[in-house]
Amino acid sequence: MRDVELKMKERASELLKSGEVARVIGWKKGEFYHDPQPASFESVEELNAFVYNGFCGANLSKYLIQMSKKEGKTAIFLKPCDSYSFNQLVKEHRIVRENIHVIAIECQGKLDIEKIKAKGFDFVTEVEENGDEIAVASLYGNGAVQKDEVLLGKCETCKGKVHQVKDEEIILHEMQAGKKNRFEEVEKLEAMTEDERFAFWREQLQKCIRCNACRNVCPACSCLKCVFDNPASGIAAKANDDKFEEQLFHIIRAFHVSGRCTDCGECSRVCPQNIPLHLLNRKFIKDIDGLYGEYQAGETAEGKTPLTSYTEGDAEPNDVVNGEVR
Amino acid sequence: MQRIGVFICWCGSNIAATVDVEKVAEVIKSEPGVVYSVNYQYMCSENGQQLIKNAIKEHNLTGIVVGACSPRMHEATFRKAAESVGLNPYMVEIANIREHCSWIHKDMAEATEKAIILVRTAIAKVKLNAPLTAGESPVVKRALVIGGGIAGIQAALDIADAGFEVDIVEKNATIGGRMAQLDKTFPTLDCSACILTPKMVDCAQHEKIDILSYSEIEDVKGFVGNFSVKIRRKARYVDETKCTGCKICMEKCPSKKGLNDFNMNLNTRPAIHIPFAQAIPNVAVIDPAQCIKLKTGKCGICQKFCGVGAIDYEQKDTFIERQYGAIVVATGFKPISLDAFNEYGYTENKDVITSLELERLMNAAGPSNGVLVRPSDGQHPKVITFIQCVGSRDTSGCGKPYCSKICCMYTAKHAMLIREKYPDTEVHVFYIDVRTPGKNYDEFFRRAVEQYGVDYIKGMVGKVYNENGKLMVQGSNLIDNEQVTIESDLVVLAAAIEPEPSVRKVATLLTASIDTNNFLTESHAKLRPVESPTAGVYLAGVCQGPKDIPETVSQASACAAKVIGLLVKDKLKTNPCVATPDEMMCNGCSQCANVCAYGAITYVDKEFRLGGGKTEVRRVASVNPAVCQGCGACTVTCPSGAMDLKGFSSKQIMSEVEAICKM
Chain A
83 MRDVELKMKE RASELLKSGE VARVIGWKKG EFYHDPQPAS FESVEELNAF
133 VYNGFCGANL SKYLIQMSKK EGKTAIFLKP CDSYSFNQLV KEHRIVRENI
183 HVIAIECQGK LDIEKIKAKG FDFVTEVEEN GDEIAVASLY GNGAVQKDEV
233 LLGKCETCKG KVHQVKDEEI ILHEMQAGKK NRFEEVEKLE AMTEDERFAF
283 WREQLQKCIR CNACRNVCPA CSCLKCVFDN PASGIAAKAN DDKFEEQLFH
333 IIRAFHVSGR CTDCGECSRV CPQNIPLHLL NRKFIKDIDG LYGEYQAGET
383 AEGKTPLTSY TEGDAEPNDV VNGEVR
Chain B
4 MQRIGVFICW CGSNIAATVD VEKVAEVIKS EPGVVYSVNY QYMCSENGQQ
54 LIKNAIKEHN LTGIVVGACS PRMHEATFRK AAESVGLNPY MVEIANIREH
104 CSWIHKDMAE ATEKAIILVR TAIAKVKLNA PLTAGESPVV KRALVIGGGI
154 AGIQAALDIA DAGFEVDIVE KNATIGGRMA QLDKTFPTLD CSACILTPKM
204 VDCAQHEKID ILSYSEIEDV KGFVGNFSVK IRRKARYVDE TKCTGCKICM
254 EKCPSKKGLN DFNMNLNTRP AIHIPFAQAI PNVAVIDPAQ CIKLKTGKCG
304 ICQKFCGVGA IDYEQKDTFI ERQYGAIVVA TGFKPISLDA FNEYGYTENK
354 DVITSLELER LMNAAGPSNG VLVRPSDGQH PKVITFIQCV GSRDTSGCGK
404 PYCSKICCMY TAKHAMLIRE KYPDTEVHVF YIDVRTPGKN YDEFFRRAVE
454 QYGVDYIKGM VGKVYNENGK LMVQGSNLID NEQVTIESDL VVLAAAIEPE
504 PSVRKVATLL TASIDTNNFL TESHAKLRPV ESPTAGVYLA GVCQGPKDIP
554 ETVSQASACA AKVIGLLVKD KLKTNPCVAT PDEMMCNGCS QCANVCAYGA
604 ITYVDKEFRL GGGKTEVRRV ASVNPAVCQG CGACTVTCPS GAMDLKGFSS
654 KQIMSEVEAI CKM
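Chains as they are written, first to last, in our numbering: chain A, 83 to 408; chain B, 4 to 666.
I should point out that these hints are in silico values taken from the structure, not numbers from a laboratory.
Quantities reported herein were computed from a predicted structural model and do not represent experimental measurements.
Take every hint as true, because none was put in to throw you off.
With a Cα cut of at most 27 angstroms, we get these calculated BS3-like pairs of lysine-lysine:
#1 A:LYS152 <-> B:LYS617
#2 B:LYS403 <-> B:LYS466
#3 A:LYS386 <-> B:LYS237
#4 A:LYS386 <-> B:LYS233
#5 B:LYS609 <-> A:LYS386
#6 B:LYS609 <-> A:LYS151
#7 B:LYS649 <-> A:LYS307
#8 B:LYS617 <-> A:LYS155
#9 A:LYS307 <-> B:LYS654
#10 B:LYS319 <-> A:LYS386
Use the sequences and the hints to build the structure in full.
As structure tokens, then:
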């Protein structure tokens with residue numbers, strides 16, 4: 083990844099120097115090696131803090147809603163999965179394509195620091211991808227771990243390594259797609275009885291502290307005024323149901339992003355309570371696929387979406403019995 | 004503070020027999036905001052309306068709730084009454100305590116409790132109502148008729164005679180429909196073609212009628228007075244403007260083995276063909292599945308012989324878009340498939356035929372030139388057995404639960420015609436009941452029995468099987484209480500009829516409702532029988548329910564009267580319950596525009612103040628109130644809740660839900 087990082091920095095510097103773009107959105111060093119932060123760089127000097135490593139899991143596309151409104155062009159580094167969110171935002175007219183320069187970058191799957199820590203490495207100072215293996219350097223010694231075992235949850239079921247949009251690319255090595263079927267976990271939930279499923283979600287959702295991180299990171303949650311922040315919506319109060327705390331917040335949110343969620347997995351990645359929120363969205367995606375035909379939000383920035391258009395092949399209400407396609 | 008008046012109607016005994024109206028009016032009196040509450044025998048009567056008007060004036064009411072029948076029935080009545088004394092008509096709410104309550108409950112205590120809840124719900128809503136004013140929209144003075152059978156033809160002619168432009172869209176290559184396939188018509192036995200084809204010609208020659216044959220409806224937008232319809236003109240591979248109908252192509256076409264669907268597949272026709280002699284338009288069409296040139300690229304004989312250069316193998320489907328004020332659906336019917344009826348041996352025996360096939364066999368222009376012969380060997384059948392109700396009145400699940408209505412009469416007609424033309428033929432008819440109401444209908448049936456000696460056997464057939472080339476019809480004779488087996492040469496099945504399957508697509512495009520049997524639903528079974536619940540859409544012929552030619556023609560003319568009544572108006576009042584976006588919350592995401600079936604939503608870039616002297620240009624939704632039909636699809640699609648519907652705001656609906664849940 084070091085070579086990729088260098089190349090990215092070089093290119094960002096060129097773009098800023100030439101005045102082609104007014105800012106570049108990427109990642110800057112965090113407090114630790116494993117917590118790089120999304121950042122906007124407006125000068126070559128600022129690029130000193132630029133980083134791109136195995137922990138740059140954040141999806142940057144949402145920042146464009148604000149950034150691309152500013153004067154001048156904005157360049158952004160997008161991993162393959164982030165490019166879906168980008169297209170979806172263009173489709174919803176939240177960002178203006180012409181004002182943005184998309185640099186497609188290499189991604190070998192991003193890493194979960196907690197999983198690496200669990201492998202016995204604390205104070206990680208550097209990681210380097212080496213095929214299926216990850217070389218880990220830490221304050222307490224160096225070693226190697228199997229990549230499959232330390233990937234972020236969202237990268238385990240990677241949608242693929244093809245950028246859906248780009249103006250140029252920085253890809254130096256071959257990229258490998260994830261191996262897991264992303265609907266496997268959903269199928270497990272579907273196989274449960276209603277009571278089991280209720281118990282599962284009650285246990286998960288009661289962990290919620292309503293920090294709103296999932297909503298704030300979600301590229302589909304980009305409303306000017308969120309219904310949960312709007313007392314007049316009549317929803318804000320309903321999200322706090324006393325029977326099973328926070329049950330409605332996440333369920334309402336899943337409904338709001340249904341048909342628009344690209345399954346970028348950011349909600350689960352940022353959840354401090356490790357609630358598998360992506361499963362709610364994935365269930366919707368799976369059902370939409372089943373009822374209206376395969377659909378991947380963000381594959382293109384144009385075209386009709388299954389939930390806001392009608393075709394003759396659409397499922398009729400009576401085709402759907404107890405949530406199952408007949 | 005609002006001053007609400009509540010008016011509880013007895014509807015004679017319709018409501019009062021199940022709901023304690025006295026108690027409802029009494030309990031509601033103590034609801035916050037209610038200043039007047041009363042019950043009355045017939046609120047919709049002149050006196051009832053006067054009672055409402057007086058109360059509005061005397062008590063300075065700001066809103067009223069009428070607990071009565073469905074708003075579909077009398078909402079307009081009560082709105083008009085309110086308006087006449089100066090109360091905005093949209094300050095009237097109906098609590099449906101008849102259809103939603105008294106008619107479906109038996110227990111008085113329960114029904115009364117529910118009625119109180121329903122009235123409370125309406126009160127919760129009316130408190131949030133705001134006065135609304137209806138706008139106006141222009142009417143496009145042109146009608147669309149979907150289907151060119153006798154229903155469509157009659158409707159088109161009547162509308163056109165009143166001076167309005169009409170387009171007939173027919174999916175087949177010619178207009179004429181099922182009636183063109185019939186031989187004679189009951190109860191007068193006049194020739195079907197002789198009475199139909201002049202009307203077809205009238206259509207073709209009428210300066211106000213445009214026939215779009217071999218075309219289908221692709222998309223419908225808009226609303227009553229302003230429909231915009233996309234029509235697919237299917238490639239017929241023949242230039243309609245050049246073809247003279249000389250039929251030389253039909254003679255020369257080497258691919259002659261296509262099944263002739265006009266003759267119910269009883270004989271064959273060339274790949275390039277004109278469906279029948281009097282087809283309108285009299286223009287050939289190529290069946291692409293059969294044409295050698297279109298399939299393999301080699302042939303082109305018809306093109307060589309066509310004297311006017313009308314053949315165009317490169318022709319593609321084209322689309323046209325036209326505007327209409329009103330739409331008549333006249334998509335007709337087809338006999339049901341008999342695949343599920345093994346007991347009659349239809350698929351195994353060539354000599355077991357349907358009545359429509361018999362029509363073609365008896366028709367002078369049919370496959371046997373009008374000579375009645377057995378399809379299997381071309382011999383004249385000596386014993387013919389008719390079986391009625393094949394798939395009609397069938398609750399087994401194989402057929403249709405309804406009576407197809409036309410079979411008793413056409414079977415009597417067939418029996419009579421056969422006995423008339425071939426007196427040496429023995430004719431038996433198995434029937435469940437003979438149903439022949441209608442002017443001169445029963446007389447017609449009795450003639451078949453009494454004058455023509457047709458043997459009517461009350462009973463059903465259990466089985467038809469082939470024994471040494473004879474068709475054995477095994478059934479019961481309920482009058483004589485015995486089992487009978489009739490050795491027959493020909494068996495004719497009166498197959499049930501069902502709506503033409505393409506009606507589902509048409510209904511969906513028009514958002515016209517359809518019942519479980521795929522018949523289009525009328526607005527009111529008795530009082531609005533030719534109108535669809537979708538404003539501006541009218542129903543003619545079998546697409547609405549089984550009916551014969553006289554009834555179909557009457558219904559078509561009734562449709563025409565309704566359409567003319569609409570098209571003579573220059574403007575229609577629009578529904579003021581339209582969507583409006585809160586621009587401060589609108590994301591400009593276009594989801595509402597995507598779901599809007601009427602194209603009422605567009606987007607504009609608008610400058611907004613951000614404070615501190617700064618401004619921002621944002622893309623926001625804008626609703627054209629003249630086009631919006633108030634369906635509410637946008638309001639539920641909007642992720643931020645920026646879109647709301649006047650008269651049915653999310654707040655109003657939530658307050659209704661809360662009123663129901665409060666209990």
